[in-house]
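**Student:** Each position in the sequence shown, counted from 1, maps to that position plus 146 in the numbering used here.
It is possible that part of the hints are untrue.
Claimed, not checked - Cβ-Cβ distance ranges computed for the label pairs, FRET-style:
| id | residue 1 | residue 2 | range |
| --- | --- | --- | --- |
| 1 | Ile-281 | Ser-196 | 43 to 53 angstroms |
| 2 | Gln-286 | Val-246 | 38 to 48 angstroms |
| 3 | Thr-168 | Ser-196 | 43 to 53 angstroms |
| 4 | Thr-334 | Gly-245 | 16 to 26 angstroms |
| 5 | Val-333 | Pro-382 | 19 to 29 angstroms |
| 6 | Ser-343 | Gly-214 | 44 to 54 angstroms |
| 7 | Asn-221 | Ala-331 | 16 to 26 angstroms |
| 8 | Ser-219 | Ile-197 | 22 to 32 angstroms |
| 9 | Pro-382 | Asp-224 | 18 to 28 angstroms |
| 10 | Ala-231 | Pro-382 | 18 to 28 angstroms |
| 11 | Ala-386 | Ser-300 | 38 to 48 angstroms |
Read the hints as simulated data drawn from the structure, not as lab findings. Heads up, the beta-carbon is just placed ideally off N, CA and C, and yes, glycines get one too.
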Amino acid sequence: MRLLFTFFISIIGVSISFAQQTLLPVSLAEAEQAKHAGQLARSTQRGGSSILFSEDFSNGFDGINGNGAWTTSDNANDSLWVYVAPGNTGYYSNGDATGVSHPGGEFSTNIGPLESGTPENGWMIFDCDYFNTPIATGVQDTDGSLTSPLIDFSNDGSVILNWDQYFRYCCYPYAPIYVDVTNDAGVTWTTFDGHGSFIEAANTQSANPLPSTLDISCVAAYSDSVQIRFTYTQAPETGAAYSHYYWGIDDVVVSSNDNADDLAMVQLTNGDVFNVWEYRVTPMEQAIPAAEGGVLAGVLY
Numbered sequence: 147m148r149l150l151f152t153f154f155i156s157i158i159g160v161s162i163s164f165a166q167q168t169l170l171p172v173s174l175a176e177a178e179q180a181k182h183a184g185q186l187a188r189s190t191q192r193g194g195s196s197i198l199f200s201e202d203f204s205n206g207f208d209g210i211n212g213n214g215a216w217t218t219s220d221n222a223n224d225s226l227w228v229y230v231a232p233g234n235t236g237y238y239s240n241g242d243a244t245g246v247s248h249p250g251g252e253f254s255t256n257i258g259p260l261e262s263g264t265p266e267n268g269w270m271i272f273d274c275d276y277f278n279t280p281i282a283t284g285v286q287d288t289d290g291s292l293t294s295p296l297i298d299f300s301n302d303g304s305v306i307l308n309w310d311q312y313f314r315y316c317c318y319p320y321a322p323i324y325v326d327v328t329n330d331a332g333v334t335w336t337t338f339d340g341h342g343s344f345i346e347a348a349n350t351q352s353a354n355p356l357p358s359t360l361d362i363s364c365v366a367a368y369s370d371s372v373q374i375r376f377t378y379t380q381a382p383e384t385g386a387a388y389s390h391y392y393w394g395i396d397d398v399v400v401s402s403n404d405n406a407d408d409l410a411m412v413q414l415t416n417g418d419v420f421n422v423w424e425y426r427v428t429p430m431e432q433a434i435p436a437a438e439g440g441v442l443a444g445v446l447y
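Starting from the given sequences, assemble the full structure and let the hints guide the process.
**Tutor:** Printed below as a string of structure tokens:
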């Protein structure tokens, strides 16, 4: 009976941990901790890859790369995506000023701007907290996307997406941010989780910045009409209840790793714990099948 009681208590605990949470403001201490985590994350970034495309949003929605403008869509009459210009002044895609610093919502006053690699020349934010401020007038679940111009990767077998971001959301643990990629003018999109190394949790601020990387080669490699889309939408696990906080994005860089097709088997275990094998190489005639415990370990590319 005691074991059964403990089991039910555990089930209740898990249910509570995944239950809907309430909206909470972020403290100054949490904001400073996020900046410290961002400095650490940036210091451990790996570099050295060939750059195929870059965007630092210094020219706002019009883009700097010569390929065309970034486009937005949302369920709030273009009132969610904001270009944060130098001086932390916000502008919608139609050029209208927001008149506030961002994040600008009533639950985000202590956050401060995105500490990306180039924050001084502008960055993008999906500021749903600001859109739903004040909460006393009502709340709307928010969806929206920021889409790149067409990019040509027809000569590239490796396509790696890198970007700086920070975010905070409510009110379920599942992150509502995604990266979509298309190579057929948007007829089909392949969706990737966009929260990077962040451990999903509602009301928790990510590192500021959170450098993130995605290998999108499965969609973008050797394609001449690729678009990348940053999408904030209701998480499929819940279908609703994401209305507040923010998602900042800057310094989008697409790089390419060198193709290395050589395959080397560097370690082989026989799966036999009763005998000591003298040799590192086992003749194929004496190899133990996988079904009987043979294991291949240490495959390097």
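**Student:** Among all the numbered hints in the text so far, which are the ones the structure does not match?
**Tutor:** 2, 4, 6, 10
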